[in-house]
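Please build the complete structure, drawing on both the sequences and the hints.
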Amino acid sequence: MKTRSRALVAFLGLMVGLAIIWGASLAVLSNTDTPTARRDAKFVNAERLIFYRLEPGREMRVRVPADAEELLIVTHELLPDGTPYAPEKQFQYGLKAILRGPDGVLLERDIFTRTRQSKGQPQEDGTFLEESAFTTHADQQVTDEREFVLRLPKERPDYSVLYLRSAGANDSLLARVYVRAHRTLPLLASQKLAQARAEVRAGRATFEPFEKLSTDTRRWLAEEHWERLNAEGEAGTDYQIEPVYRTAYRLPLVEATESVQERLGAGRAVALNVTGPSKPVLWLWSDGTDAKAQPHGPVTVQTLSADGTAHTLELPGPVAGSPMSHPLELPEGVHTVMVRNDGKEDLRYTVEGPFESWLLPAESRSSPGVASEGRVAFLPDTRRTEAFATGPACPVLELDIDPRMDAVGRLVRLDARSLDRAPSHEPLHLSLTVLDGQGQSLGQASLDATPEPAPFESAALAPLAGGALPCTPLAQVAQDAGSAGSAGSGEVTDLPAWVSGVASARVFLPMGARKLRVEAPRATIVQLYSFLSSGQPMAASAPYTNDALTAVRWRNAPVDQRAWHPMRPANLPALMQAGARLELLSQVRLEPVGPEEETPPPSGDAVVVRPYGSPSMVEVLESAQADTVDMVKALSTVLEPGRAVRARFDARTPSRPEVRLSLKDAAALGNEVEVLLDGEPLHRFTVRSTRARELLPPLPPGEHEVLLRSSAPGLTAMLNRPPAAGSGLRSRTVYPVSQGGLRVPVRKTGPGAVTLNVVVYTPVADGATAPQLSVTVDGGNPVRRASVLVPHVTRAERTVVLPASERDPAMPAGRPGVKWYARTVPVTLGEDIAPGVHTVRIQALGSEPMWARFFMFGQPVENTAPRMWNRGGWQPDEDML
3 MKTRSRALVA FLGLMVGLAI IWGASLAVLS NTDTPTARRD AKFVNAERLI FYRLEPGREM
63 RVRVPADAEE LLIVTHELLP DGTPYAPEKQ FQYGLKAILR GPDGVLLERD IFTRTRQSKG
123 QPQEDGTFLE ESAFTTHADQ QVTDEREFVL RLPKERPDYS VLYLRSAGAN DSLLARVYVR
183 AHRTLPLLAS QKLAQARAEV RAGRATFEPF EKLSTDTRRW LAEEHWERLN AEGEAGTDYQ
243 IEPVYRTAYR LPLVEATESV QERLGAGRAV ALNVTGPSKP VLWLWSDGTD AKAQPHGPVT
303 VQTLSADGTA HTLELPGPVA GSPMSHPLEL PEGVHTVMVR NDGKEDLRYT VEGPFESWLL
363 PAESRSSPGV ASEGRVAFLP DTRRTEAFAT GPACPVLELD IDPRMDAVGR LVRLDARSLD
423 RAPSHEPLHL SLTVLDGQGQ SLGQASLDAT PEPAPFESAA LAPLAGGALP CTPLAQVAQD
483 AGSAGSAGSG EVTDLPAWVS GVASARVFLP MGARKLRVEA PRATIVQLYS FLSSGQPMAA
543 SAPYTNDALT AVRWRNAPVD QRAWHPMRPA NLPALMQAGA RLELLSQVRL EPVGPEEETP
603 PPSGDAVVVR PYGSPSMVEV LESAQADTVD MVKALSTVLE PGRAVRARFD ARTPSRPEVR
663 LSLKDAAALG NEVEVLLDGE PLHRFTVRST RARELLPPLP PGEHEVLLRS SAPGLTAMLN
723 RPPAAGSGLR SRTVYPVSQG GLRVPVRKTG PGAVTLNVVV YTPVADGATA PQLSVTVDGG
783 NPVRRASVLV PHVTRAERTV VLPASERDPA MPAGRPGVKW YARTVPVTLG EDIAPGVHTV
843 RIQALGSEPM WARFFMFGQP VENTAPRMWN RGGWQPDEDM L
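For the sequence shown, my numbering assigns the number 3 to the initial residue and increments by one for each residue that follows.
Worth flagging that the hints you see were computed from the coordinates, not collected in a lab.
From a predicted model like this one, the values you see are computed outputs, not experimental measurements.
None of the hints are false.
Cut-off 25 angstroms, straight-line C-alpha distance, at most; resulting in silico cross-link-like pairs (DSS-like, lysine-lysine): (1) K821 / K666; (2) K346 / K91; (3) K91 / K44; (4) K156 / K98.
The structure is reproduced here in C-alpha cells:
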C-alpha cells in the first residue's frame with residue numbers, strides 16, 4: 003500500500019515539475035517576441051568587429067609586411083547625428099593613403115567611393131531591426147561597408163608604414179586594414195563556399211551585381227584571402243577604436259542601387275521596354291518641401307510601338323507629397339514607354355506592371371526585385387560602355403597605330419559628347435593630330451558640332467574632390483563648388499553627369515601613322531573604335547531583334563555581331579590617375595528611323611553613263627512625264643488599232659512624225675495600216691516586217707486626234723510625239739547584267755560625294771528576299787582620303803537585296819505584252835573616296851535575267867553649311883566595308 007502511495011506521489015511530483023518547466027518555457031518564448039528581445043537578438047546575431055576611428059584631421063598608421071603586394075582597406079562612414087535615413091541616398095567619401103619608408107614617401111593615393119545605408123523593419127521609436135552596420139549608440143549612423151584594394155610598389159624597403167586619414171575635411175571614417183595571405187583553398191574545400199564569399203565581397207566593393215562582373219574578377223574575388231593588420235601606437239593616444247556590428251543584410255539592388263534611377267531629374271527622361279498587352283501604372287510624386295503645394299512639371303509620356311505607332315500624353319506634374327497615378331494601356335507587341343520631366347524640379351517616378359511584361363534580356367530576369375502579386379517596378383535597361391574624358395586639365399588622349407595595317411585597318415571611328423553638370427548647348431570642338439614614328443605631324447583635323455543634351459544618356463564619373471568634372475581646371479572647379487554650396491556630409495544626390503548627343507566621325511589614317519592625339523578645350527567624352535568586319539551583318543541580341551519592327555529600330559541594344567570594336571588609349575594609366583576614365587550610361591529603347599543627314603538636291607541635268615566595252619544593248623519604253631521641252635521631244639504615244647488618242651505636235655521638234663510598229667506573229671504580214679488625223683485619212687501603208695518604222699507627212703503644230711486602223715492581229719504602234727495629257731513613253735537603252743558584270747566609270751571631281759544611279763530591271767515587280775546584285779568600287783580597294791573626318795564611310799563591296807518596284811512597268815521594244823519592272827540602286831562614293839576616276843562594277847548573283855542602265859547628276863555644289871555629325875542608332879551600311 004505504501005509502495006502504491008509513494009508511486010502516486012512521485013507521479014504527481016513529476017507532473018507538477020513538467021508543468022513548471024512548460025510554464026517557464028512558455029514565458030521565455032513569449033518574452034522573445036518583445037521589442038527588447040528583438041533588439042537584443044539583433045546584437046546577438048550580428049558580427050562584432052573592432053574598427054579604427056578616423057576623425058577629421060587625425061590619422062592612423064599600420065606597419066606593412068615586407069612581402070605584402072596588396073592591402074585591403076575596409077571602411078564605413080560615420081554620418082552626422084540626425085541624418086535621416088532614406089534608401090535612395092548615396093554618400094561619397096574618400097580615403098587618403100600614404101606609404102612611407104625610411105627615405106620618404108613611397109606612395110600617395112586619394113581613393114573615393116560611393117556608399118549607402120541598408121535598413122529594414124522600422125520600429126516606432128525610429129530604430130530598425132535589420133541593419134547592414136550599426137553601433138551600440140542608437141543615434142549613431144553608419145553606412146554600408148566599402149572596400150579599397152591598394153596595390154603596393156613592387157620595389158620598396160623592408161620597413162614601410164601606411165598612414166590613413168579621411169580625404170574630406172568633415173568626414174569621419176571607420177577603417178580596418180588587411181594584407182593578402184599567400185594561401186590556397188584546401189583540396190576538399192567547397193567551391194560553393196568560395197563563390198558565396200566572392201559574392202559577399204562583390205557586394206561590399208561595388209553596386210554591380212556579382213553575375214555582371216567579368217569571369218576574371220569573379221575568380222579573383224573567390225581566391226583572395228586576407229589577414230588583419232593592427233594599428234601602431236597606443237590606444238586612445240595614437241588611435242581610437244569603435245566596435246561595429248555588421249550583418250549580411252543588404253537592400254535588394256532594385257530598391258537601393260537602382261533607386262537612384264527612380265529619380266527623374268529636371269530635363270531627364272527614362273525609357274522602359276514593355277511587352278503588351280499590358281496595363282502598367284505610372285506613379286509620379288515629388289519630395290519637395292515647398293511651403294505651398296504646387297504642381298511640379300509638366301511630364302510628357304510617349305509610347306512608341308514596334309509598328310512605328312507613337313502616342314504622346316502631356317501630364318501635369320505632381321504636387322509635393324501627393325503621388326499621382328496614371329494608368330497606361332499597351333496593345334499586343336513590343337513598346338517603349340518614355341517618361342520625360344519637362345519641369346524645373348526633380349521628380350520621383352515608378353512604373354508598375356506584371357513581371358512577365360517587362361522586356362529585358364534573359365540574364366537580367368533572374369533578379370526581378372521585390373514583387374507583390376506578380377507585379378514589379380519596371381526599370382530601364384541601362385548599358386554601360388567605357389569612355390574617356392579629355393580637356394584642358396587632363397592628358398591628351400593618345401592612340402597607338404600599328405603601321406602594318408591596311409587602309410581599312412587604319413580606319414578609326416570617333417564618338418564625342420560634351421560633358422556637363424547641367425544641360426548645355428555649348429559647341430563641341432575636338433582637334434585630332436596624326437603623328438609618325440618620329441613624332442612629326444602627318445595631318446590634322448577638327449570636329450565641330452553643337453549637339454543637343456541627351457536626356458536618355460549620362461556619365462558615371464570617378465569621384466573627384468568637390469564633385470568636379472574630370473579634365474576641368476582648378477579655377478573652374480572652385481567656381482562650380484562655390485555655386486553648388488557645401489555638402490557637409492558628402493551626400494551625393496545628383497544623377498550622373500549630363501552628356502550631349504553623340505557627334506560621330508570616321509577618319510582614315512595615312513600610311514606611316516604611329517599615333518593619334520585627341521584633345522579638346524573643354525571637358526569632352528571620347529570613345530574610339532576600330533573596324534573589323536565579322537563577315538555577318540550587325541544583329542541585336544535577344545530580345546531586341548529587328549525582325550518585326552516597322553519604321554523604328556533599337557537604340558543602344560547589345561549586339562551579337564559587331565563591326566566596330568572599342569579601343570583604349572595608350573596613356574590609360576595617366577588618364578585613370580586624372581579621373582578621366584568613366585562609364586557612359588545609355589538606355590535601350592525604340593526610336594523612329596529618321597532620315598539620314600540631309601544633302602542638297604542634285605544640280606544639273608541627268609547624264610547617262612555608258613559601261614566600259616561594247617556590251618549588248620536592249621531598248622525599253624517606260625512611262626515619263628512631259629515636264630520639260632527636252633522631255634517633250636523624247637516622249638512617244640502608244641497607238642492601238644481602233645482607239646483614238648490625242649497627241650501634241652510641237653513645231654520645235656526637229657524630227658518628222660513617225661510610227662513604229664510591232665507584230666506578235668509573222669502571219670499578220672501583208673495587212674494594210676491606215677493612219678487617220680482628226681478623222682481624215684493621212685497615210686496608208688502595208689506591213690512588210692514584224693518590226694517597222696513608217697514616216698508620216700509633216701503635220702501642223704497643236705493637238706490632234708490620231709487613229710490607227712488595221713485588221714492585223716497583234717499589232718502595236720508608237721507615235722514619236724507626246725500625248726496631249728498624262729504620261730507618255732520614253733525610250734531607254736539598257737544592258738543585260740550577267741554574272742560577268744558591267745563596269746562603269748565614275749568621275750569624282752572634288753571632295754564631295756557623288757552618286758551613280760543604277761536602274762535595275764527584272765521581270766518580277768516584287769522585292770527579293772536574298773541578294774541579287776553585287777556592287778564593287780575599284781575592285782574593293784578604292785583610294786581613300788587620309789586625315790579627313792567624314793560622317794560616312796563608303797562600302798567598297800556589298801550585295802544588294804532588290805526592293806519591290808514602285809514604277810509603272812517598262813516594255814522592251816518589239817516585244818508586245820512583255821513587262822519589266824525597274825528600281826533604282828544608288829551607289830554613292832562618299833567624302834572618304836579620293837577625287838579621280840573610279841570604276842563601279844555590278845554583277846548578277848542569281849540566274850534571274852536582269853538589265854541595268856546608269857546615270858548621274860551634275861557634280862553638286864560644295865556644301866558650305868555647318869556639318870551635322872550627329873548620327874543615331876546603327877549604320878548598317880558600315881557592317882562590312
